[in-house]
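Asker: Below are the chains, spelled out letter by letter.
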Amino acid sequence: MRKIKLAYVIDDDEILVTLVKIHMQKNEAYEKIETFCNGEDALTHLSKIMETGEEQPDLIILDLNMPIMDGWQFLEEYTLNEMPREIPVFIATSSIDPKDIEKARTYPIVKDYIMKPIDQAKLNRIVSLLSDDNRSSF
Amino acid sequence: MQRRKKMALTLLTDVLVRSNHWVVVIDKKNRIQYISDNVNTGASVNLSSLIGKDWNTVIKQLQGVEPEKDNARGAYLRKYPKQEGGFRWIEWKTVTHPDYNLISIGTDITFEKETEEHLLQSVLLKRTLLDNFPGYVVCKDYEGRFLFANKAIAELMGKTAEEVVGLTDRDYGAEEEDVLRYQRTDRQVIESGVPIFIPEQTIRRKDGSSGVFQTSKFPVPFGKDKGPSVLVIDIDITELKKTEAELRRIQEQIMYKTNILSAIGKTTEKLLTTEDVPSTLAGSFALIGEAAQVDRVYYFQKNRENDLVSQKVEWTYGNIKPQINNPSLQDMDTNIFPDFFKKLMEGKPYIVVTAELEEGILKNLLEEQAIISMLNIPVSVNGVFYGFIGFDDCTKGKNWTEDELSLLMSLANNIANAFERVENQQKIVESEHIFRQINETIDDVFWLYDIKNRKIDYISPSCEKVLGRPQDYFYQKHDAWLDYTLPEDMELLRQAHRDIEENGYYEVGYRILTGNEQRWIFEKSFAIADENGKIIKNSGVTSDVTESVLKQKELERLLDITHKQNDRLTNFAHIISHNIRSHSSNLSSLMTFISEAKSEEEKKMFMSLMQKSTDKLSETIKNLNEIITIQNNTALEKSHITMRHEIESSIDALGAQIKNSGAVIVNNVPENVTINAIPAYLESILLNFLSNAIKYRSPERPPKVIFSITRSGSFWRLAISDNGLGIDLEKHGHKLFGMYKTFHKNPEAKGIGLFIAKSQIEAMGGNVAVESNVGEGSTFYIDFYAEN
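If you read the protein sequences in the order shown, they are chains A and B.
No gaps in the numbering here: position 110 of the first sequence is 110 in the working numbering, and each next residue is one more.
In the working numbering, each residue carries its 1-based index in the second sequence increased by 138.
For the record, the hints were derived by calculation from the structure and aren't laboratory data.
Nothing here was measured: the structure is a model prediction, and the numbers come from that model.
Check each hint, because a few of them may be wrong.
As the list claims (entries may be wrong) - Listed next, the in silico DSS-like pairs over lysine-lysine satisfying Cα-Cα at most 30 angstroms (straight line):
no.: 1; chain 1: B; residue 1: 750; chain 2: A; residue 2: 21
no.: 2; chain 1: B; residue 1: 297; chain 2: B; residue 2: 379
no.: 3; chain 1: B; residue 1: 217; chain 2: B; residue 2: 736
no.: 4; chain 1: B; residue 1: 379; chain 2: A; residue 2: 103
Please work from the sequences and hints to get the whole structure.
Answerer: This is how it looks when you write it as structure tokens:
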């Protein structure tokens, strides 16, 4: 099974972030996790590690509704950046608005659209999607 | 040995009690050997008096009623009444022990249970929120039983909200087939945990009525003792669909009439110059038939020498069987169909629905041709019956309107004129002459225009009615249209006049003024060329379509309102879903974690997260409820309010904040400005904007807020300017007034204030706009009605 050495979670809901952390600790496939409470913080950090050559994350779990810079704005800006290695993005949201799902499809970088809550099964699914290097047909 | 065991047990119970578990030890004779002190926190029982008593006696004490013999083993759940009301939930786990009958360890799970119930009954599905929601909301378990329904559903079922609990979709009279369909998707949502959105579905009731609904189904991760459930929100879009259909119908009606007009116009134009009327008809019937949406159009001609009538020209639609070779329709004796021909010979149209005819030769003849309904119009020249034109409907049972009838009668008249001209060997000098004879009873204006000499050759008398000017006015004046066409629509007509010369055809809608009244006109015209193919004239039909246009406009307005309302509802269903779901999914995860917690510490941490989560959920619901109340509230009365005073009171109300921030507030609104507003909303709006201006102040300068007001039409426009942080409108403008959107790294920002303010402003018929520069400040403009 593939290991996720570093995962980014971008979500302003601190409770959810705590829960995801606990789930990831329990899951052998996941090693480290870094969290950001909005898109802007994550983007700033990403451009910093690009300069310093620090470890890139293996994946990003991205919330849509966030203050300051929401998930969509993050995707817009993120896809403009030239990352040395493509970082797959998983949208994790409570939104069932069909428009959101439709919009998510338009970003090739988005591998899957996950309905919250995030549990072990969903974490495992992420791993298997990454291993197969496939995109979910969400 | 025995002593060691006893000590071990004491130690064990000691640990358990400290960890807040209830412990009861029962000996082989079912008597209580030990009962931990903390059992008393749950029930008011003199514990020492219980030692040595039968276990069931204890149960009786705890439950307050005579129990069924409680010999349950293993793990089980019991609830005991609390002194302060409600229940205490204890999850018992029993262990057998060689020396004792059993040791029971109880875990107090009241908190979890209460949270669960709380969530389902009062918080997650808070009554007021859902009762305010103008749609059907119901929470169903896997079996389709209602765990909860809002007032709208209860009313549908003629019951109270309490009475509908436990009922199913069958109980409000849904068809079995539909019930099963709902159940399929409900279960799909419960099983997959993934919500479903159905943009449009018809819901039928047993009484035969039905409605069109937009449905959202959300999984609810926990239900009252019954496992996961599904929350269904139905929004009625029946009216919206009806209005849409009505609008389509009117548009089709307008198109239909102008198509017929145009077909008749084109045919007439050919009839003006033809040498052979029947062959002209043969070339024109397709146009007329398709415009009038009939299955057959034909012309029958009477033999001048005798009483025999024969079909001469026929057009049929699609696969409709032609009758041109039907021998029964050749040399028909007018005396065999006396009623039919009598009417036509009197110059009247004959309309019939085959099924309503008396049995007989005519009915048989029509049935043979599969005619459902039929319209026939005589063609008579100077009172002499020449023949008739006819229109068959073989598919839909068409009803002929007065409008259609008069249009087609004018066609018959034009045909008659053509015959007369051909027979009298008249030269085709002035087509104007023929045009004059067009049936002048039609409301629409027929006209013929000489392009070269820029003059009207002919215009039918209805011009007085439609364009507000008599015939002579048009004959005497060049370009009379310039007098009455609305200036802003003149270019449309100029373009149309260019089209005639370039394309030989135009179709235009424009507005005119007759007296002080504005009317809507629709005009179609086609070119007439001379023998060299040069366009020399154009003829056309001008119709007054004011009534239809106004109706159409009204419908469009209605549709727009309904669409907006519907969008708001759909958005709201999504907001409810999103915000409530994000909290409730956290809660369900937390519950799982709590039940699997390894240590008391871990459990405490989860408990505190859970508390936080329920608090947030309650706040979300409070906010949502506030918004839905604004959006639905039509009951609140507006009154005249002096703006300046209202601003003064909000400055007073925020006195402490203003003082602490060192803000300067300038109120430039004059004393004499009164607006028409709902007082409570205005107060909340002003507080919102003023406190925002202070909250998002610049660290570089003391805040300054200026209120000023200007008059703009029927509105007063209030401007609230600050010198604060400003907002990057390019980045955030589109979601500035959205829900749960924040743009500054301010921990106090909740992202609800502007959303509520906007809802309140719009509920009063106003608008809000913003101008802002990052680092310089923002100005919000709010429009309030000046008068009622």
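Asker: None of the hints should be skipped; say for each whether it holds.
Answerer: Hint check results:
no. : hint             : verdict
1   : B/750 with A/21  : holds, 17 angstroms
2   : B/297 with B/379 : holds, 29 angstroms
3   : B/217 with B/736 : holds, 25 angstroms
4   : B/379 with A/103 : holds, 27 angstroms
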